[in-house]
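Chemist: Same order as they appear, the protein sequences are chains A and B. With the working numbering, the residue at position 88 of the first sequence is 88, and numbering never jumps. With the working numbering, the residue at position 86 of the second sequence is 179, and numbering never jumps.
Because the hints were derived from the structure by calculation, they are not lab data. A quick note: this is a predicted structure, and the numbers were derived from the prediction, not measured. Glycine included, every Cβ here is placed at the ideal spot set by N, Cα and C. Just so you know, not all the hints are guaranteed correct.
To be verified - Listed below are several chain B residues computed to face chain A (Cβ distance under 8 Å; list not exhaustive):
1. K128
2. G173
3. A395
Okay, here's what each chain looks like letter by letter:
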Amino acid sequence: MKDWPLWEVFIRSKNGLEHRHCGSLHATDAQMALENARDVYTRRSEGVSIWVVPSAMITASQPEESGELFEPAADKAYRHPTFYVLPDELKHM
Amino acid sequence: MSEMEIKSLEERFNQRIANDEKIEAKDWMPEKYRKTHIRQISQHAHSEIVGMLPEGNWITRCPTLRRKVALLAKVQDEGGHGLYLYSAAETLGISREELIDQLLSGEAKYSSIFNYPALTWADMGAIGWLVDGAAIMNQVALINTSYGPYSRAMIRICKEESFHQRQGYEIMMALMNGTQEQRDMAQDALNRWWWPSLMMFGPRDAESPNTEQSMRWKLKRKTNDELRQAFVDQTVPQAELIGLRIPDDKLKWNEERKHYDFGDIDWEEFWQVVNGHGPCNKQRLEARRKAHEDGAWVRDAAMAYAEKHANKTYRQAV
Numbered sequence: 001m002k003d004w005p006l007w008e009v010f011i012r013s014k015n016g017l018e019h020r021h022c023g024s025l026h027a028t029d030a031q032m033a034l035e036n037a038r039d040v041y042t043r044r045s046e047g048v049s050i051w052v053v054p055s056a057m058i059t060a061s062q063p064e065e066s067g068e069l070f071e072p073a074a075d076k077a078y079r080h081p082t083f084y085v086l087p088d089e090l091k092h093m
Numbered sequence: 094m095s096e097m098e099i100k101s102l103e104e105r106f107n108q109r110i111a112n113d114e115k116i117e118a119k120d121w122m123p124e125k126y127r128k129t130h131i132r133q134i135s136q137h138a139h140s141e142i143v144g145m146l147p148e149g150n151w152i153t154r155c156p157t158l159r160r161k162v163a164l165l166a167k168v169q170d171e172g173g174h175g176l177y178l179y180s181a182a183e184t185l186g187i188s189r190e191e192l193i194d195q196l197l198s199g200e201a202k203y204s205s206i207f208n209y210p211a212l213t214w215a216d217m218g219a220i221g222w223l224v225d226g227a228a229i230m231n232q233v234a235l236i237n238t239s240y241g242p243y244s245r246a247m248i249r250i251c252k253e254e255s256f257h258q259r260q261g262y263e264i265m266m267a268l269m270n271g272t273q274e275q276r277d278m279a280q281d282a283l284n285r286w287w288w289p290s291l292m293m294f295g296p297r298d299a300e301s302p303n304t305e306q307s308m309r310w311k312l313k314r315k316t317n318d319e320l321r322q323a324f325v326d327q328t329v330p331q332a333e334l335i336g337l338r339i340p341d342d343k344l345k346w347n348e349e350r351k352h353y354d355f356g357d358i359d360w361e362e363f364w365q366v367v368n369g370h371g372p373c374n375k376q377r378l379e380a381r382r383k384a385h386e387d388g389a390w391v392r393d394a395a396m397a398y399a400e401k402h403a404n405k406t407y408r409q410a411v
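Okay, chain A solo, but in the shape it has when bound:
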């Protein structure tokens, strides 16, 4: 017997919010993945919309690359509003 492929499940909990990853499941095709996701992840009205994506289709960054990918942002304080020193009299900016 062949193992059913793995799918990642993303649920939008209500309109106005983004889809969020909530877990994974096995299914033979996209339709079954949707139906299984509905049974496994939305038994208590957790969602109004579901995305399913074959896990094999996701390209992920590797933890070893975290340094070169994310560290450069750490010393760029000038991208944040608090970097700019303004007079106290200026209440809202």
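Starting from the known structure of chain A, fit chain B onto it as the hints suggest.
Modeler: Quick look at chain B alone, frame taken from chain A:
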């Protein structure tokens, strides 16, 4: 990788855990951490799946429709919880098929409590109240476990499980408000499930060789004895409230310790059941094997159907 490199990775890893950082699937981890987690998470998953059997057996015999929808939903949740947990275990690099094979071959363990039979309707009350109560106690402690996917599954499971315990207690309450025969049935169920429930927390700390390492890895956040004591302290007043008597002559409030003292657990029975000689071990595994074998053609047919329709286009998300 050289031994030096592994050592420094391991030091960094231990530091991350000490700092309460979560470990995610792709992060480096010691092989033993990976193996221990696969073992614990899959045992937990198997317990959910085998746990569907004693209660599934009563779905067609519920006294009212209200009880029936509740029990159906509870058993369905257990199936769902098994699936969350299998998925979490799979992130550690083991396949679903291997996990199922380990259960069916008897190589993997599941919670011994499910090797006891559910003899009367009152057992549905006792299981929800005591067995789910003990499971929640264990699981709440696991929400803060260090492995991210396990911790997230635990959050979901705990949120869903509080109704399980409440519906069980409600069944016991209804029986205790009923006829003498019904009250006797409730008491009998408590008598049979009390000690096995206490055994659910596992061997005493002194006899639990893995506890120390598991505490260090934050795979366990409280010891077996601590959780067992918390369960007894929580459950005794619940029994008293509806007029049930805990079947333990040594049970007594200890004012000094601010905890209940309780009698000795029959550890011989515990090990008997763990090692496969409980009342239902054989029956439970046979039921799982039969379900798996009988379903094989459906799984194969679904796969064949999907392959045949592989070129069909689906509605896209964006």
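Chemist: All hints, please: hold or fail.
Modeler: A quick look at each hint next to the structure:
1. K128: violated (20 Å)
2. G173: holds (5 Å)
3. A395: Check passed: Cβ of A395(B) comes within 4 Å of chain A, closer than 8 Å.
Violated hints amount to a single one, hint 1; each of the other numbered hints is respected by the structure.
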